[in-house]
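Work out the full structure, taking the sequences as your base and the hints as a guide.
2 protein chains.
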Amino acid sequence: MRLLEELLEDQRAKALLVLARASHEACLAPFIGPARLHESLLIWPRDRPPRLAYLSPLERDEAAASGIRPLSPEELDVARAVQEGYDPVELWSHVVARAAERAGVTPGRVALAGGLDAGLAVAVCDRLAADGWSFVPGAGIVERLAKRKDAATVGAVCRVAAGAGDALRRVAALLAAAHAGDGVLELGGEALTVGRLRREIALVLAHHRLEQPEGNIVAPAEEGAVPHTSGSDPRPLRPGESLIVDLFPRRRLFADVTRTFCVGPPSDELAAAHAAVRRALERARADARPGVRGWQLQETVCELFAERGYETPISHPGSERGYVHGLGHGVGWRVHEYPSFRRKSGDEGRLEAGDVFTLEPGLYHPEAGWAVRLEDLHALNDDGLELLTPLPYDLDPRAWRQL
Amino acid sequence: MRLLEELLEDQRAKALLVLARASHEACLAPFIGPARLHESLLIWPRDRPPRLAYLSPLERDEAAASGIRPLSPEELDVARAVQEGYDPVELWSHVVARAAERAGVTPGRVALAGGLDAGLAVAVCDRLAADGWSFVPGAGIVERLAKRKDAATVGAVCRVAAGAGDALRRVAALLAAAHAGDGVLELGGEALTVGRLRREIALVLAHHRLEQPEGNIVAPAEEGAVPHTSGSDPRPLRPGESLIVDLFPRRRLFADVTRTFCVGPPSDELAAAHAAVRRALERARADARPGVRGWQLQETVCELFAERGYETPISHPGSERGYVHGLGHGVGWRVHEYPSFRRKSGDEGRLEAGDVFTLEPGLYHPEAGWAVRLEDLHALNDDGLELLTPLPYDLDPRAWRQL
Numbered sequence: 053m054r055l056l057e058e059l060l061e062d063q064r065a066k067a068l069l070v071l072a073r074a075s076h077e078a079c080l081a082p083f084i085g086p087a088r089l090h091e092s093l094l095i096w097p098r099d100r101p102p103r104l105a106y107l108s109p110l111e112r113d114e115a116a117a118s119g120i121r122p123l124s125p126e127e128l129d130v131a132r133a134v135q136e137g138y139d140p141v142e143l144w145s146h147v148v149a150r151a152a153e154r155a156g157v158t159p160g161r162v163a164l165a166g167g168l169d170a171g172l173a174v175a176v177c178d179r180l181a182a183d184g185w186s187f188v189p190g191a192g193i194v195e196r197l198a199k200r201k202d203a204a205t206v207g208a209v210c211r212v213a214a215g216a217g218d219a220l221r222r223v224a225a226l227l228a229a230a231h232a233g234d235g236v237l238e239l240g241g242e243a244l245t246v247g248r249l250r251r252e253i254a255l256v257l258a259h260h261r262l263e264q265p266e267g268n269i270v271a272p273a274e275e276g277a278v279p280h281t282s283g284s285d286p287r288p289l290r291p292g293e294s295l296i297v298d299l300f301p302r303r304r305l306f307a308d309v310t311r312t313f314c315v316g317p318p319s320d321e322l323a324a325a326h327a328a329v330r331r332a333l334e335r336a337r338a339d340a341r342p343g344v345r346g347w348q349l350q351e352t353v354c355e356l357f358a359e360r361g362y363e364t365p366i367s368h369p370g371s372e373r374g375y376v377h378g379l380g381h382g383v384g385w386r387v388h389e390y391p392s393f394r395r396k397s398g399d400e401g402r403l404e405a406g407d408v409f410t411l412e413p414g415l416y417h418p419e420a421g422w423a424v425r426l427e428d429l430h431a432l433n434d435d436g437l438e439l440l441t442p443l444p445y446d447l448d449p450r451a452w453r454q455l
Numbered sequence: 053m054r055l056l057e058e059l060l061e062d063q064r065a066k067a068l069l070v071l072a073r074a075s076h077e078a079c080l081a082p083f084i085g086p087a088r089l090h091e092s093l094l095i096w097p098r099d100r101p102p103r104l105a106y107l108s109p110l111e112r113d114e115a116a117a118s119g120i121r122p123l124s125p126e127e128l129d130v131a132r133a134v135q136e137g138y139d140p141v142e143l144w145s146h147v148v149a150r151a152a153e154r155a156g157v158t159p160g161r162v163a164l165a166g167g168l169d170a171g172l173a174v175a176v177c178d179r180l181a182a183d184g185w186s187f188v189p190g191a192g193i194v195e196r197l198a199k200r201k202d203a204a205t206v207g208a209v210c211r212v213a214a215g216a217g218d219a220l221r222r223v224a225a226l227l228a229a230a231h232a233g234d235g236v237l238e239l240g241g242e243a244l245t246v247g248r249l250r251r252e253i254a255l256v257l258a259h260h261r262l263e264q265p266e267g268n269i270v271a272p273a274e275e276g277a278v279p280h281t282s283g284s285d286p287r288p289l290r291p292g293e294s295l296i297v298d299l300f301p302r303r304r305l306f307a308d309v310t311r312t313f314c315v316g317p318p319s320d321e322l323a324a325a326h327a328a329v330r331r332a333l334e335r336a337r338a339d340a341r342p343g344v345r346g347w348q349l350q351e352t353v354c355e356l357f358a359e360r361g362y363e364t365p366i367s368h369p370g371s372e373r374g375y376v377h378g379l380g381h382g383v384g385w386r387v388h389e390y391p392s393f394r395r396k397s398g399d400e401g402r403l404e405a406g407d408v409f410t411l412e413p414g415l416y417h418p419e420a421g422w423a424v425r426l427e428d429l430h431a432l433n434d435d436g437l438e439l440l441t442p443l444p445y446d447l448d449p450r451a452w453r454q455l
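Protein chains in written order, with this note's numbering: chain A, 53 to 455; chain B, 53 to 455.
Think of the hints as simulated: they come from the structure by calculation, not from any bench.
What you are looking at is a predicted structure, and each value in this text was computed from that prediction instead of being measured.
Incorrect hints may have been included.
[As the list claims (entries may be wrong)] Derived contacts from chain A toward chain B, CB cut-off under 7 Å, selection only:
#1 GLY85
#2 ARG88
#3 GLY171
#4 CYS177
#5 ALA181
#6 ALA182
#7 ALA191
#8 SER367
We put the beta carbon where it would ideally sit given N, CA and C, even for glycine.
Dropping the structure here:
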């Protein structure tokens, strides 16, 4: 793997070392296929294939499914260490040293990443330093390796996105069937609440075998106006208000998609914001090509919004009104990964074929209590941009039915 | 909180510091109620209430839901740091130092825990060391604080367990309705596979608003005989073979429960193992009282199995046949937490009121290709042991229908 060599060279590190509590962690998952492990480590020397060490002998079949040559607990002498009462710091120090030896990596500088508890990692590295090891942050290397997805990985994300799309269609169907009674939306004689939508979303996703380990956002009006507020289950939905539904489920890989609804006629302000966001999304999509920086797209979108009189992070840094966040982010092993759309970024801020990323302009007005966000997920292929979330954009859920 | 003071005193640490990538991490979740945050940190001085710092201004409402006095990104001067292009090591070093200052903690020795990337944590602590900070592992302190659950937390686990129980009943119903055709179980004209059971489990759990962030185990015969093998979706189920179904779903808190099925008459060997496991479970449950060590229960169960001629981790350390694992583990913020059932353990190895834990004896025979595990979840209350998973134990799924 040429890229790994380059990245390690940049850091003057002789290997990448990932210490994981569980294999579904984003630092390990890109490398080990369907294997499901608990405590485990990956050591990847600059010029040789990686080795995967695992600590529980119960997981030998799982480790074999990784496609990486395993280092078993027997080879690492784990049972003796446990027998002798090693504490976690002693055990991990022992395992790292032994795994490195087996992988042919002598003490020196390595790039470290992974979800092992921070306090444990600090103590383990402290102990290993006495034997000549030193450590530089390696999470960026993992993210760079994970940025460019192969066709199978993009396909897997696409299927997750399809499940999320089904859940959004179900939300639209429920909203379209609701009636406005006494200022609150009702369905089947009961108030339609955030919690009820969440239950339906969970059922549709479960049907697709999707999980929501990071939750979701179902946020009406004032709740949606603070972009990361997830929304309160008991909150009844009301006609005329905005409703942001942002889903980011996972089946090994994540997808991420957002739509905004309004049952009944929207205010002029909300309708205008929706049109502006829609236009910004189309413009960003038209400009997303290999070689373009994420930040360039953000600048274009900010200009568009500014022309229409909205505040932006460029014109009004720190404002809570108008367009208040970044334009997008990579999606895959994490909900937020590379490519980056930040101003300050290196190669990870440049779009390239194999990237999977969102574009998600939005407008927010906490005082007035409305919000609009439209988020699509895309794969950048050699022959252009592929939309992984082909869904309606309409505020009116009844318009979704006709498609 | 007296216990925190004692635990910090033991480590000669002046505060507990938790660095989190996301608030649902087990090191942070026990302390912050329903709040959902991304990058955040908790600093808890020995003699004062904790403070919760978060890095994204978009999450101010979520932070407020934690019940802990927040430290906002504005107070931590995050925007300026980002503006000036701080890298993650610089940003976190800055944020930790600033949060400590605001919480009234001067440089010195602190207990560190949390899911911040290991390589990043090592670099941050290295940098802070120059200013007089030093770090000892703090995950054990968090786990000790999380061990004893209050009534509301036990109630929450109990509701998760009820959802898992419903999913097991659904599995039993499907197995009971299946027909043996051509050596393979069929239902509705299709082969009944591991994957089909998994889909039904996911639907039932979704109905209860439960997630499976750690997956599940649906493992027939030879797959179940390796205790942590999760089971292969395409694998068709067969009459007469064992099927282990081990579910550990989450809704903020985890539950954990296992049953073993056999459609059609079991072999004598399987039936005898099932009876032995059932008896071991009852015996362990009868002995589980406040003050008893988990390891004592493990010894009793090993004796019971040894009397019946099965190998155990005490009689045959490292064996892959017979009883090959620990008796149980605490459950709550993680699938595996305190109390511990290991031989080498301190106070965390002693049962006390407020503990929530599994008892899960099992017997395995990889060569013969069968396995039995029965796992119940319990809460140890002041007035005795409460069973949180009241379900049938029968191998025969038809027996489940009659209850």
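Results of checking the hints against the structure:
{"no.": "1", "hint": "GLY85", "verdict": "violated (13 Å)"}
{"no.": "2", "hint": "ARG88", "verdict": "holds (5 Å)"}
{"no.": "3", "hint": "GLY171", "verdict": "holds (4 Å)"}
{"no.": "4", "hint": "CYS177", "verdict": "holds (5 Å)"}
{"no.": "5", "hint": "ALA181", "verdict": "violated (10 Å)"}
{"no.": "6", "hint": "ALA182", "verdict": "violated (15 Å)"}
{"no.": "7", "hint": "ALA191", "verdict": "holds (4 Å)"}
{"no.": "8", "hint": "SER367", "verdict": "violated (15 Å)"}
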